[in-house]
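**Q** Residue-level listing of the chains:
Protein chains: 2
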Amino acid sequence: MSKELVFGHKVPDTDAIVAAMALAYLKKQDGYDVEAVALGEPNAETKYVLDYFDTKAPRVISRAKPEVDKVMLVDHNEPQQSVSDIDQLTVTDVVDHHRINGFNTAAPLYYRAAPYGCCSTILTQMFSEEGIKIPKKLAGLMLSAIISDTLLLKSPTTTDFDRDALKALADIAGIDDYEDYGVKMLKAGTDVDSKTDQQ
Amino acid sequence: MSKELVFGHKVPDTDAIVAAMALAYLKKQDGYDVEAVALGEPNAETKYVLDYFDTKAPRVISRAKPEVDKVMLVDHNEPQQSVSDIDQLTVTDVVDHHRINGFNTAAPLYYRAAPYGCCSTILTQMFSEEGIKIPKKLAGLMLSAIISDTLLLKSPTTTDFDRDALKALADIAGIDDYEDYGVKMLKAGTDVDSKTDQQ
Ligand SMILES: [Mn+2]
Ligand SMILES: [Mn+2]
Ligand SMILES: [Mn+2]
Ligand SMILES: [Mn+2]
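Taken in sequence, the protein lines are chains A and B.
FYI, in full-length UniProt numbering the residues of the first sequence are 1 to 199.
FYI, in full-length UniProt numbering the residues of the second sequence are 1 to 199.
Warning: the hint list may mix true and false statements.
Intra- or inter-copy, both count: the list cannot distinguish identical chains.
Here are the simulated DMTMM-like cross-link-like pairs (lysine to aspartate or glutamate), alpha carbons at most 25 Å apart as the crow flies [said to hold, decoys possible]:
(1) 3 with 180
(2) 137 with 177
(3) 27 with 164
(4) 28 with 160
(5) 133 with 41
(6) 3 with 41
(7) 3 with 171
(8) 167 with 130
(9) 133 with 67
(10) 167 with 54
(11) 70 with 177
(12) 47 with 30
(13) 47 with 129
(14) 187 with 87
(15) 28 with 129
(16) 167 with 129
(17) 28 with 130
(18) 184 with 35
(19) 10 with 177
(20) 27 with 130
(21) 167 with 33
(22) 65 with 160
(23) 133 with 191
(24) 154 with 35
(25) 10 with 129
(26) 27 with 129
(27) 184 with 51
(28) 167 with 67
Bear in mind the hints are in silico, worked out from the structure with no lab data behind them.
Please model the entire structure based on the sequences and the hints provided.
**A** The structure is reproduced here in structure tokens:
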């Protein structure tokens with residue numbers, strides 16, 4: 001199998017970065033040659049998360065076709081939110097929690113979507129279905145994505161599946177007080193955004 | 001939850017009829033109020049299959065909006081292959097094994113696709129993931145859908161997942177010689193098609 005790149009949407013949020021890392025990890029266990037990349041630098045919140053769980057930010061790309069023919073999308077499906085040369089690539093897999101809009105393919109593919117608050121919640125279910133353990137650091141990252149997308153389970157998009165996934169991930173990551181961690185994490189994003197706005 | 005209708009594509013083949021019955025059964029176990037219907041009468045092959053497994057053909061509809069606001073699609077996603085008033089309905093779930101083409105939604109939904117030879121293979125996996133047992137007759141119907149779509153596992157679209165699902169379903173259905181059954185089933189479809197052509 002030829003190498004594939006896995007990425008979330010442009011101007012990535014924490015879920016876009018983390019879901020790509022989660023899907024890449026899962027696919028590697030299935031024997032795929034994949035690399036999680038990003039369509040932009042991590043924002044302040046995501047930087048805090050990556051730093052907290054001692055994880056390197058994924059490589060940033062602006063085009064994929066120079067490297068690969070096939071890609072996997074997470075946390076988006078709309079072509080205008082994707083890599084600039086998406087029309088020259090074959091999408092083999094999508095994992096997403098958004099509406100489907102303008103996404104067309106020439107061939108059948110894996111598409112996994114659910115109307116949950118976070119893409120990383122769907123990925124938590126996929127690990128469970130495949131019987132693959134989520135590594136401790138990755139669980140911390142996925143928990144952070146759920147906190148980010150659901151604003152600590154308070155956004156109206158939050159489902160019981162997000163709540164269940166968050167609890168399971170907190171156990172694996174060894175985060176005893178996810179509310180305390182979540183508030184600090186969300187604040188890390190807000191603080192820097194405010195500073196930037198003032199500059 | 002308000003009632004939903006579940007159906008496959010127009011001019012239904014065996015998979016379109018059976019996958020709707022399988023998804024409806026699965027969703028009922030999850031507490032949904034759903035009814036499997038069809039967008040046309042069963043063809044000769046499907047009639048043979050339904051008769052063999054002593055199962056009534058689903059009710060045929062030409063429009064869904066008079067009955068429901070929400071629907072689930074199996075074995076298709078393209079609007080022109082769907083119910084005539086699809087643009088007035090909300091699609092909450094899709095289970096399919098075709099390319100995605102012209103399918104757009106206003107809201108997030110469940111979408112489950114895989115590049116397998118048959119939609120009923122994906123449904124077999126979904127039953128397994130949810131830990132729900134497939135009833136004996138339904139297993140026979142789903143096995144028939146796989147035989148139909150893959151021409152007894154000989155079509156180039158056949159995957160190992162189809163082979164595995166077929167074997168698992170044959171066990172549940174108590175079909176010892178699925179090749180013998182499959183040849184008879186495929187022949188039942190061909191015989192009548194030939195007759196019709198000659199008339
Ligand atoms: Mn996002
Ligand atoms: Mn997201
Ligand atoms: Mn079909
Ligand atoms: Mn089919």
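**Q** For residue 65 and residue 160, with the copy left unspecified, which applies at a CA distance of at most 25 Å: within, between, both, or neither?
**A** neither (39 Å within a copy, 30 Å between copies)
**Q** Given identical chains, is residue 167 near residue 54, meaning Cα to Cα at most 25 Å, within a copy, between copies, both, or neither?
**A** within (21 Å within a copy, 46 Å between copies)
**Q** How would you classify residue 28 and residue 160 at a CA-CA limit of 25 Å: within, between, both, or neither?
**A** Between. Shortest inter-copy distance 19 Å satisfies the 25 Å Cα cut-off; intra-copy 29 Å does not.
**Q** Between the shortest in-copy and the shortest cross-copy C-alpha distance, which are at most 25 Å for residue 167 and residue 129: within, between, both, or neither?
**A** both (17 Å within a copy, 20 Å between copies)
**Q** If the cutoff is 25 Å on CA atoms, where do residue 154 and residue 35 land: within, between, both or neither? Let me know, please.
**A** Answer is neither: 32 Å inside a copy and 34 Å across each miss the 25 Å cutoff.
**Q** Check residue 10 against residue 177 for me: Cα-Cα at most 25 Å, and say if that holds within a copy, between copies, both or neither.
**A** Neither: 31 Å inside a chain and 53 Å across chains, both beyond 25 Å.
**Q** Could you figure out if residue 27 and residue 130 sit no more than 25 Å apart (CA to CA) within one copy, between two copies, both or neither?
**A** Both, since 11 Å and 21 Å are each at most 25 Å.
**Q** Between copies, within a copy, both or neither: which fits residue 133 and residue 41 at Cα up to 25 Å?
**A** Classified as neither; 28 Å inside a copy, 46 Å across copies.
**Q** When no copy is named, should residue 3 and residue 41 be tagged within, between, both, or neither for a Cα gap of at most 25 Å?
**A** This pair counts as within: shortest intra-copy Cα distance 23 Å, inter-copy 45 Å.
**Q** Under a CA distance limit of 25 Å, which applies to residue 70 and residue 177: within one copy, between copies, both, or neither?
**A** neither (40 Å within a copy, 40 Å between copies)
**Q** When Cα atoms must be at most 25 Å apart, do residue 184 and residue 35 count as within-copy, between-copy, both, or neither?
**A** So residue 184 and residue 35 fail the 25 Å test inside a copy (30 Å) and across (47 Å) alike.
**Q** State whether the alpha carbon distance between residue 28 and residue 130 is at most 25 Å within one copy, between copies, both, or neither.
**A** Both: 13 Å inside a copy, 24 Å across copies.
Hint check: violations occur at hints 1, 5, 7, 9, 11, 12, 13, 14, 18, 19, 21, 22, 23, 24, 25 and 28; the rest are consistent with the structure.
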